[in-house]
Amino acid sequence: MRGATLARWAVLALILAIVFVPMYWIVATSFKTGRQILLSESVYVPRPFTVDNYVYLFEESRFALWIRNSAITAIASTLLSLAIGTAGAYSLTRLSFPGRRTFGAIVLITYLVPPDRTFIGLGYTNSLGTLILAYPTFLVPFVTWLLMGFFRSIPRELEEAALVDGATRLQAMVRVVLPLAAPGLLAAGLFCFTLSWNEFLYALIFIADDSLKTLPVGLSEFVVSDFAFWGQLMAAAALASLPVIVVYIYLHKYMVQGLTAGAVKG
Amino acid sequence: MNVLTDRHRERLLGYALIAPVAMFLGALVAYPFLSAIYLSLTEKTVGYPAHFVGLRNYEALLESGRFRIVAWNSAAFTVGSIVVKLVIGMAMALALHNVVRGNQFIRGILLLPWVIPTVVIALTWKWLMDLFRGLINVALIDVGAVRSGVHWLGDPTLAMASVITANVWRGFPFFGVSFLAAMQTVPQELYDAAAVDGAGSWEKFWRITLPSIKGVVAVVTLLSTIVTLNDFNIVYIMTRGGPGAATHIFATYSYELGIMSQRWGLAMAASMASLPLVALLIVAVVRYLHREEE
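From first to last, the protein sequence lines are chains A and B. Numbering of the first sequence is given in the working numbering, commencing with residue 620 and proceeding in unit increments. Numbering of the second sequence is given in the working numbering, commencing with residue 80 and proceeding in unit increments.
Be careful, since some hints might not be right.
Unchecked claim - Restraint ranges, calculated between C-beta atoms of paired labels, are given here:
no.	chain 1	residue 1	chain 2	residue 2	range
1	B	GLN341	A	LEU698	52 to 62 Å
2	A	LEU799	B	ARG135	51 to 61 Å
3	A	VAL793	B	THR84	18 to 28 Å
4	B	ALA129	A	VAL640	41 to 51 Å
5	B	ARG90	A	LEU799	51 to 61 Å
6	B	SER291	A	VAL674	46 to 56 Å
7	A	ARG720	B	ARG88	36 to 46 Å
As the list claims (entries may be wrong) - Here chain B is said to cover these stretches of chain A; the calculated rule only asks that three of the stretch's residues, wherever they fall, bring their Cβ under 8 Å from a Cβ of chain B:
no.	segment
8	656-668
9	702-710
10	746-752
11	755-765
12	796-807
13	818-826
Stated by the list, open to error - Simulated coverage check for chain B against chain A, where a stretch passes if three residues somewhere in it have a Cβ under 8 Å from a Cβ of chain A:
no.	segment
14	158-171
15	296-310
Calculated directly from the structure, the hints in this document are not laboratory data. Built from N, CA and C at the ideal position, the CB exists for glycine as well.
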């Protein structure tokens with residue numbers, strides 16, 4: 620018994636170390652001077668440490684611009700996907716009409732289709748608008764699928780009571796169901812934001828203009844003349860991860876329940 | 080109020096609310112997909128309109144040695160990643176199962192790789208594996224394990240293992256958390272009964288835990304296979320498919336053919352190569368999900 624407990628904690632410690640070390644390496648590198656990186660000085664802990672890399676990002680690189688582009692794209696595609704997906708999910712769970720099951724199956728299948736390369740054939744468009752329309756191709760099926768689960772968990776009786784009181788179906792949806800599904804809507808929205816914020820391939824394919832690049836693409840092309848650019852790059856990596864980590868702190872309850880249950884049951 | 084009109088109204092609203100989803104998926108998923116299939120049957124050179132060539136692009140791919148390497152690499156990348164994720168994910172779930180104190184917190188930390196942008200992960204591993212200054216080589220030299228830096232990304236044999244490592248780091252937490260959630264639904268009575276029969280922990284795992292969570296294991300494995308088979312970011316950023324074509328996989332190869340060489344017909348044909356397999360996997364997931372629902 621004692622041996623088993625020890626083995627359990629040894630495994631946990633090892634896995635935690637595996638997860639922790641690369642994240643520590645991002646942060647540690649981001650506080651190193653170019654000289655420390657170039658000469659492999661104070662490898663494990665930057666001493667002395669510097670914030671020059673962060674200053675550089677905002678004063679001498681297009682980092683702020685990339686954040687702006689990523690934020691615009693992520694927020695717009697999230698709102699668009701939420702609007703379309705909420706309506707669709709409500710329709711598929713609450714209203715009966717011929718073809719409903721087929722629509723449901725199509726949504727599930729498109730949710731499973733990987734974000735694919737067929738878009739490569741379309742070539743550059745150089746517009747954030749393209750991304751705002753392209754991201755919902757994988758966000759809408761996801762939102763619809765996730766919200767169908769939430770809508771199913773809301774008792775029909777509440778809605779029927781509103782209908783008896785003379786509300787129309789649409790009013791019942793807006794006034795009764797949506798407020799109850801608010802945590803689900805928020806979770807779906809935050810998931811969408813994270814997926815859009817992290818998206819790389821479409822942004823790489825569609826945007827050639829430097830001033831319209833999103834954060835992941837900007838990062839991937841972040842090569843400055845200085846040989847020890849890793850300091851600046853890791854500072855950018857840390858900042859790029861920050862928004863999704865903040866979102867995640869709120870979301871992780873849903874991630875564990877919602878996504879695992881979501882992946883299995885919807 | 081007339082019952083029939085009510086039902087008609089409901090139908091109408093149903094169609095109206097699903098219409099945006101349908102139009103969206105039609106215009107932005109189905110259309111590009113169909114046009115990609117068409118493009119894969121054409122030859123397009125810059126300055127001339129595309130002309131139909133039938134299956135010639137597919138034949139050219141099948142005859143190309145490079146494509147065969149790409150197909151083999153994609154299989155190695157996918158199978159290697161999934162197997163390691165299964166093992167580490169299961170170890171993580173078993174280690175966390177029944178841990179009361181700190182469970183939420185530890186699980187929260189362990190899921191972080193899964194939310195960090197993949198581009199950041201790929202860049203970080205590239206830097207960790209840097210020949211002269213990367214943490215891994217510096218630490219290995221410091222503890223005396225090696226004399227000089229290991230060519231993690233420059234050696235054709237090691238490069239595939241290296242990109243798999245980055246992909247596993249990103250993906251195993253999802254496996255672990257999903258398995259853990261499934262384990263927590265297994266009734267304690269089953270374990271108690273097995274304990275009465277004198278079963279050890281190993282036996283309990285094979286006789287009770289694994290059979291009880293096999294549905295979740297199957298779905299998570301299938302979902303991850305679909306995504307890994309189509310992965311682009313990690314390989315593109317860490318090696319660009321190199322050295323040589325040692326880590327080139329379907330997505331990086333289509334990108335090279337299309338964006339780099341402007342051979343759109345071939346690029347789309349290469350894109351379609353994994354499609355039959357992806358379709359099979361999707362059918363498998365859908366069937367599993369329906370079974371779970373019943």
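Hints versus structure:
1. B:GLN341 x A:LEU698: 52 to 62 Å: With Cβ atoms ~36 Å apart, the hint is violated.
2. A:LEU799 x B:ARG135: 51 to 61 Å: holds, 57 Å
3. A:VAL793 x B:THR84: 18 to 28 Å: With Cβ atoms ~22 Å apart, the hint holds.
4. B:ALA129 x A:VAL640: 41 to 51 Å: holds, 50 Å
5. B:ARG90 x A:LEU799: 51 to 61 Å: violated, 24 Å
6. B:SER291 x A:VAL674: 46 to 56 Å: Since the Cβ atoms of SER291 (chain B) and VAL674 (chain A) sit about 54 Å apart, the hinted range of 46 to 56 Å holds.
7. A:ARG720 x B:ARG88: 36 to 46 Å: Cβ of ARG720 (chain A) to Cβ of ARG88 (chain B): about 21 Å, so the range 36 to 46 Å is violated.
8. 656-668: holds (count 4)
9. 702-710: The restraint on the segment 702-710 of chain A holds, since 7 of its residues have a Cβ under 8 Å from chain B and three suffice.
10. 746-752: violated (count 1)
11. 755-765: holds (count 5)
12. 796-807: It is violated: at least three residues are needed, and the segment 796-807 of chain A offers just 0 whose Cβ sits closer than 8 Å to chain B.
13. 818-826: That given contact holds, which follows from 3 residues of the segment 818-826 of chain A lying within Cβ reach (below 8 Å) of chain B.
14. 158-171: Coverage by chain A holds for the segment 158-171 of chain B (3 residues, Cβ < 8 Å).
15. 296-310: Since three or more residues must qualify, the claim that chain A covers the segment 296-310 of chain B holds, with 7 doing so at under 8 Å.
Taken one by one, the earlier hints fail for this structure at numbers 1, 5, 7, 10 and 12, listed in ascending order.
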